[in-house]
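If you read the sequences in order, they're chains Z and S. Counted from 1, the first sequence has number 391 at position 336 by this note's numbering; the numbering is strictly sequential. Counted from 1, the second sequence has number 388 at position 369 by this note's numbering; the numbering is strictly sequential.
It cannot be assumed that every hint is accurate.
[Claimed, not checked] In silico contact screen, one side only, chain Z against chain S (beta carbon under 8 Å); selected entries:
(1) R326
(2) Y586
(3) A651
Keep in mind the hints are simulated off the structure, nothing from the lab. Bear in mind the structure is a predicted one, so any value in this text is a computation, not a measurement. Using N, Cα and C, we set each Cβ at its ideal position, and we do this for glycine too.
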Amino acid sequence: MNDFDVIVIGAGHAGCEAAWAAARMGCRVGICTISMDTVALMPCNPAVGGTAKGHLVREIDALGGLMGRAIDATGIQFKMLNRSRGPAVWSPRAQADKRRYGAWVRDALTACPNVTWLINRAGRIAQHDGRLTGLVFEDGSAVSCRALVVTTGTFLNGLVHIGDEQSPSGRAGEPPTQALAESLRALGLEMGRLKTGTPPRLDRRSIDFTRFPEERGDDPIVPFSFLSSRIEREQICCHLIHTTAELHDLVRSNIGRSPLYNGQIAGIGPRYCPSLEDKVMRFPDKDRHQIFLEPEGLDVDEIYVNGLSMSLPRDVQDTIVRALPGLEHARVLRHAYAVEYDFVQPTELTRALEVKALPGLFLAGQINGTSGYEEAAAQGLVAGINAAQRVKGRAPIVIGRDEAYVGILVDDLVTRGCLEPYRMFTSRAEHRLRLRIDNADVRMTPIGRDIGLVDDEHWRVFEARRARLDRNLAAAWTTKVTVQNEGTTAAQALSRPSVTLEELRAQGFELDVDEARADVDEATVTAEFKYRGYLKRHDAQVARARADEGRAIPGDFSYRAIPGLSREIVERLTQIRPGTIGQAARVPGVTPAAVAIVAARVSRHVPGV
Amino acid sequence: MFSTSDTIVAIATAPGRGGIGVVRLSGPASRDIASAILRREEPLVPRMATFGRVVDLDADRQRAIDEVVVTFFPAPHSYTTEDVVEIAGHGSPVLLERMVQLAIARGARLANPGEFTFRAYVNGRIDLVQAEAVADLVDAVTPLQARAAMDQLEGTLTTALTAIDAALFDLAARLEASLDFPDEGFHFVTREDVRADIDQQRQALVRLRQDGRAGRLLREGSLVVISGRPNAGKSSLFNALAGASRAIVTDIPGTTRDVLTERVDLLGIPITLVDTAGLRDATDAIEAEGVARARQAQEIAALTLVVIDQSEPFAGALDLDGPVVVVLSKSDLPCAIPLEVIAAWPARPMAVSTKTGDGLRALRDQIVATLGARDDWRDVPAISNVRHLAQIDQALEAFDRIDAAIQSGASEELVLAEMVEAREALEAITGHKTPDDVLRHIFERFCIGK
Numbered sequence: 056m057n058d059f060d061v062i063v064i065g066a067g068h069a070g071c072e073a074a075w076a077a078a079r080m081g082c083r084v085g086i087c088t089i090s091m092d093t094v095a096l097m098p099c100n101p102a103v104g105g106t107a108k109g110h111l112v113r114e115i116d117a118l119g120g121l122m123g124r125a126i127d128a129t130g131i132q133f134k135m136l137n138r139s140r141g142p143a144v145w146s147p148r149a150q151a152d153k154r155r156y157g158a159w160v161r162d163a164l165t166a167c168p169n170v171t172w173l174i175n176r177a178g179r180i181a182q183h184d185g186r187l188t189g190l191v192f193e194d195g196s197a198v199s200c201r202a203l204v205v206t207t208g209t210f211l212n213g214l215v216h217i218g219d220e221q222s223p224s225g226r227a228g229e230p231p232t233q234a235l236a237e238s239l240r241a242l243g244l245e246m247g248r249l250k251t252g253t254p255p256r257l258d259r260r261s262i263d264f265t266r267f268p269e270e271r272g273d274d275p276i277v278p279f280s281f282l283s284s285r286i287e288r289e290q291i292c293c294h295l296i297h298t299t300a301e302l303h304d305l306v307r308s309n310i311g312r313s314p315l316y317n318g319q320i321a322g323i324g325p326r327y328c329p330s331l332e333d334k335v336m337r338f339p340d341k342d343r344h345q346i347f348l349e350p351e352g353l354d355v356d357e358i359y360v361n362g363l364s365m366s367l368p369r370d371v372q373d374t375i376v377r378a379l380p381g382l383e384h385a386r387v388l389r390h391a392y393a394v395e396y397d398f399v400q401p402t403e404l405t406r407a408l409e410v411k412a413l414p415g416l417f418l419a420g421q422i423n424g425t426s427g428y429e430e431a432a433a434q435g436l437v438a439g440i441n442a443a444q445r446v447k448g449r450a451p452i453v454i455g456r457d458e459a460y461v462g463i464l465v466d467d468l469v470t471r472g473c474l475e476p477y478r479m480f481t482s483r484a485e486h487r488l489r490l491r492i493d494n495a496d497v498r499m500t501p502i503g504r505d506i507g508l509v510d511d512e513h514w515r516v517f518e519a520r521r522a523r524l525d526r527n528l529a530a531a532w533t534t535k536v537t538v539q540n541e542g543t544t545a546a547q548a549l550s551r552p553s554v555t556l557e558e559l560r561a562q563g564f565e566l567d568v569d570e571a572r573a574d575v576d577e578a579t580v581t582a583e584f585k586y587r588g589y590l591k592r593h594d595a596q597v598a599r600a601r602a603d604e605g606r607a608i609p610g611d612f613s614y615r616a617i618p619g620l621s622r623e624i625v626e627r628l629t630q631i632r633p634g635t636i637g638q639a640a641r642v643p644g645v646t647p648a649a650v651a652i653v654a655a656r657v658s659r660h661v662p663g664v
Numbered sequence: 020m021f022s023t024s025d026t027i028v029a030i031a032t033a034p035g036r037g038g039i040g041v042v043r044l045s046g047p048a049s050r051d052i053a054s055a056i057l058r059r060e061e062p063l064v065p066r067m068a069t070f071g072r073v074v075d076l077d078a079d080r081q082r083a084i085d086e087v088v089v090t091f092f093p094a095p096h097s098y099t100t101e102d103v104v105e106i107a108g109h110g111s112p113v114l115l116e117r118m119v120q121l122a123i124a125r126g127a128r129l130a131n132p133g134e135f136t137f138r139a140y141v142n143g144r145i146d147l148v149q150a151e152a153v154a155d156l157v158d159a160v161t162p163l164q165a166r167a168a169m170d171q172l173e174g175t176l177t178t179a180l181t182a183i184d185a186a187l188f189d190l191a192a193r194l195e196a197s198l199d200f201p202d203e204g205f206h207f208v209t210r211e212d213v214r215a216d217i218d219q220q221r222q223a224l225v226r227l228r229q230d231g232r233a234g235r236l237l238r239e240g241s242l243v244v245i246s247g248r249p250n251a252g253k254s255s256l257f258n259a260l261a262g263a264s265r266a267i268v269t270d271i272p273g274t275t276r277d278v279l280t281e282r283v284d285l286l287g288i289p290i291t292l293v294d295t296a297g298l299r300d301a302t303d304a305i306e307a308e309g310v311a312r313a314r315q316a317q318e319i320a321a322l323t324l325v326v327i328d329q330s331e332p333f334a335g336a337l338d339l340d341g342p343v344v345v346v347l348s349k350s351d352l353p354c355a356i357p358l359e360v361i362a363a364w365p366a367r368p369m370a371v372s373t374k375t376g377d378g379l380r381a382l383r384d385q386i387v388a389t390l391g392a393r394d395d396w397r398d399v400p401a402i403s404n405v406r407h408l409a410q411i412d413q414a415l416e417a418f419d420r421i422d423a424a425i426q427s428g429a430s431e432e433l434v435l436a437e438m439v440e441a442r443e444a445l446e447a448i449t450g451h452k453t454p455d456d457v458l459r460h461i462f463e464r465f466c467i468g469k
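Looking at chain Z on its own, in the form it has when it is part of the complex (with noise of 0.2 Å):
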């Protein structure tokens, strides 16, 4: 008997949310962090969501997953984001009282049965005769269990830099792992280099705040989780304040001293996360760039700096610091810091996140080339559940592209690889009108239940809330109002853009909400009707892309046996070895007419042959 059915290696975003999962499908998990005190820790900017992560994070938690009941029990500024456009780009992001995030969190898995904290430093992926076996601690020390899911960060050879400073830490200030790189790259596995940021923090005390317009959440708050009804909490607000031309001078004099520009820094850092360097130096016609000053919390002292991201020297981050109006005497608590960290090519893995080359072992977070909790925390829970699939034999779990934001986050990096850091939008999504927030239920929740993963209460507030949907969808069709001194139902009237469910209501138009969280109902049907004509112009090719997600192609089926591919299509096709005829027309490089002599090959392949 193994000591456990999965060992969770890293207790991130990514490592809780596979523990969790893994937990509540029935598995026996293990968890395996240096310390309890960084659980679930947000080592950058304390806040959760934003456009396109709040779609992911809507859609862990219908899944069943920790992050969105986490940020409503400790979120302490709310904002839904583009509130003025339709509700397919509606956005929940909130800041956290990062303290407080990292302890729930630690709290709901330390509640779980099924849960063991492994409080070690991992080492070594066991394996035997290309099976996987379980993990050596770097004390020598060793369990075995049936799957394994590695989610180790930026702490896979970290190297930290601030100015000419350079240690090895997979965060300031805490070591990082050379072995468990080692043991990846032993595998055979691809793998490359990224940088990511961090800005300083600021002593609270030391800031004149009211020198500053002071940005404040959304009241009444909308909720990231179906199960979370009213949230009533103290909330904080931030301050906007901008740099100056003074300033970017001073990044100017400096920049030999950068080691994003001096050379120092090799690996590929965020394009939509530019340093402050970058800033300056790339958009030198920018006259002034925006920064939030952020608490980290409702009784700590930091003050995240959001927009400040650099790796200048500690001199000249606090002149640089202090150039800023109203910051004249600020104190920096920590310095930021640049860190580069080793990943592995996503390509490396089939789309339940298990690397190819070795079953039973799992990726997840920005050791797969992606940044962001929300990124992580998704691709957490899809290793989290098919590492439980695999304990129980039963076949993979895959989120379609037309299914969910996760869907696409694993599709992208499994079929197209990263070439920097891997970030979440909208844009991604082919079938955006569809994958909304308000309906991220309707969409994950059977999934989940289906697993395993959605707990009986959870259940019964999905089906109560579906069946409101269906009662509100159908009396939409049958209300007669007037709009524009036109007779209609109500359905049509709200599938114009002009017209709101305010309006229809006052004409008696009744829906049928949950009083405590009316905001769901009411973004459901408002959507449905807004983007009917639409999606039902576009039903058909949505069923042209199933039929191509439905048409599998074959784990031994080889490519270098058809004449008329290419080599470089031949090779892109046998490592990336797509599990459809869909993923393979993703693959970058692999032409429509590639396509469909793979499609002609494969409806005439005899397995094993």
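Following the hints, complete the assembly by docking chain S onto the known chain Z.
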């Protein structure tokens, strides 16, 4: 996806006048589509060549446009192993094109270059050695690359469409940015921008559709450019071939200051005839512009007629580039060029007198024969303007919906959803762009993120 399940159509025979021309249909609906465009008493019988008339249902009166012989090859005993119908008509390219258009109107899709052969290959009918031409097609990542690889001569709408596609792409990227980066503190695009940009690109497409040309020179049909020294007789030749006195003919060198074009049906093949300003060092600004345009015209010409006045001495070497027919003009006058000079030219010249009409008929034949070596519209690796026009039509349909969405005040995500089809139609020519391309474009243009 490169579908292999729908019905495709194209002209299957070599171009040129005379003999017969065959329009081929392949796919499950071949028989139905053929029946719909044919007026016939009897249903089609497998492998029997039978008589019929092709009817132009779109014409004012449903008139028969050609008498044809039709053969139906049921699957799997056909070239592609699918149901195939071959319609043999009288070879006029104009009529063959019309038949293809009629088939498209009844649900067929214009075959991609080499697609009949491709299907034969995919369906196991032939091996790749036989289908040599397919290899390039399979390797070409974008249609644009396919174009470049296979067809460099043709003057098409590619350039104009690429510009429209780029503008649309930029607009889409700005709209995407406004959705994905809502709290950057500035507007990537305003509602008015969207409306103006869409309007502008739509008009550009409508213009392209209306006269089927890009800019001034790129017209549908092969571009035949008349060039030569000042007063060599270019305008006279232009008039003789065009059959009308459009160009001003004088004895003063440099009279033709602009580029004159005329659509001419030359023995059944549509061409656009271009008279260029004399290629000499221009003495005034207007003429200089004319000369510049002339050079431009030559660069994209399918064929250049190099006119040399044989009544004047000609000493220099003759440098010819691309498909060229050399015309010795004024053959009614005594020849002033030594025979050994002419013999050293890389191409045999054709003597023509526009005054007497001598040699004009032979020149027309020669032009058609030279153009006939080209391969548009056929089941060979070439892409013709017809494809571009089909894509423009598709894009314009999508633009109607984009317009409707904007007019009704729909928000960005819905406008973007409606833009997808228009972009897909254009990207079929200019090459597919991924969400990563959109993001790259955004990050290059804007400083985004914290």
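Right, here's what the structure says about each hint:
no. : hint : result
1   : R326 : holds, 4 Å
2   : Y586 : holds, 7 Å
3   : A651 : holds, 4 Å
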